[in-house]
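Visitor: Chains as they are written, first to last, in our numbering: chain A, 192 to 468; chain B, 192 to 468.
FYI, nobody ran anything at the bench for these hints, they're computed from the structure. Computed from a predicted structure; not experimentally measured.
Identical copies go unnamed one by one, so any copy, or any two together, can satisfy a pair.
Using 27 Å as the maximum straight-line C-alpha spacing, the simulated DSSO-like pairs for lysine-lysine come out as follows:
#1 K365 x K332
#2 K444 x K468
#3 K468 x K245
#4 K221 x K210
#5 K201 x K211
#6 K207 x K353
#7 K201 x K245
#8 K429 x K468
There are 2 protein chains.
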Amino acid sequence: MWFVENCENKASLGLKIKKKILEQQSKFQKISFYETEFFGKLLTLDDVIMLSEKDEFVYHEMIVHMPLCVHENPERVLVIGGGDGGTVREILKYDTIKEVILCEIDEQVVRLCQQYLPITAEKLTDPRVKLVFEDGAKFIKNYENYFDLIITDSTDPIGPGKILFQEDYYRSIKKALKTNGMMTCQSESPWFYDDVLRDMTNHMCKIFNHVETYIAMIPLYLPGLWTMTFTSDHYSLKDFDRNKSETISELCKYYNPAIHSAALAKPNFLQNIVNNK
Amino acid sequence: MWFVENCENKASLGLKIKKKILEQQSKFQKISFYETEFFGKLLTLDDVIMLSEKDEFVYHEMIVHMPLCVHENPERVLVIGGGDGGTVREILKYDTIKEVILCEIDEQVVRLCQQYLPITAEKLTDPRVKLVFEDGAKFIKNYENYFDLIITDSTDPIGPGKILFQEDYYRSIKKALKTNGMMTCQSESPWFYDDVLRDMTNHMCKIFNHVETYIAMIPLYLPGLWTMTFTSDHYSLKDFDRNKSETISELCKYYNPAIHSAALAKPNFLQNIVNNK
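Looking at chain A on its own, in the form it has when it is part of the complex (with noise of 0.2 Å):
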């Protein structure tokens, strides 16, 4: 029994299961959990793969701790999206963190992340946390120069995920954020989803300062090669802790100073794709 991805009628992923564990239709999308032969437990939101146990550290360690290394103080921290928890567990390893609310769109995954997927999800119900259940793009109007980081953990830019990948969304974002304040957010494929990547990227650069493209390898998002953006007005990625990322990379499976700086470096193709060429 196999689990199978299309990605864009161009290439598929499959996974050997060993049984598919549940299966549910929340208001927004269906989600189901399998248990695979390899990567463990398995979250698909709409047959799309979101993670497994094996490699989640992947995206959570990258998307996290790449700002937060480069943050003198983040105390205040929003996830949008994210609903397994997977980023909240990593933000939550740094002490001077005081606030971390997480707000997904669809209550039901992170109930049920919570109950299939602790490996995730164990953190959420940490007191610093906060869960909201709302509309994110909606929920963060309603602060203005309070975050110092702001994560944007979400599905690709179809179904309730698509709102997240537009120019005022990312204003609504840097409204929210302190002046000194930073996002990040997964920025798809290079080689499949080069138009998405580009006009994110066109967007931001309309809004913010600094906006640095960078890699992290995730073996379950076809092709391996994937991109995160980070925006700040203040900061950029270059300019690291390296006392702080080498103490965090302790803690971690794949982060480390050196994959720090090496995650910024792109092949020509993928820095073609983000100069807009």
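Position chain B against the provided structure of chain A, taking the given hints into account.
Guide: Same frame as chain A, but now just chain B:
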């Protein structure tokens, strides 16, 4: 219609196919060419993906330019395997090169690639190139203190490629190299073949002063994060010629000086494998 490669019964990669161009059984293996929807023409051997027109540059640039931007005066290069010709094409980008021997066990691969994959095979008629159709592990024993660089451009360690992952082979390479010579080879995925990578590294560490694993993000080699390994008694990949690298990168779609340094950064879990932890 899809071509699907089953990877160790853990995962599978599918490619949407327009048509099968050709299939021939050689003395050694089944050789197939397909026209894919997204990746251009595809070459498979025994139903394992070797390369596509669209992504081959990653592999070929990374297995060639990492060593050749380190060597001060590379003149004589041996390629073992690599019958598609892409590795030879990249080597010939250096003016210092006087002789390239391609030793491919299966002549039929070379002849069919010359017919169906000119993008990689077109330089095989260059007067500096000598084609030899023999078992690479035997052929190499004819040489002593001769080559500046040997590239092992092998398939996976099954079938005819198996011998190219063994300690005796690396000893033959050392003998065939000049004292300041170097070798690179593909060394599999740390996700699915960590044992192969660990064994190779251990073998090489007994034989060479410098053994350096580096990363290439190859879309069609599941799960995208692939390793190559460099060995030398004299050189380290860290000490590369930045000017040469800059010049070569003008002719590349992936490789550039930033990528050269970045390729040496390893995620913690990969570092642990090559450190034999």
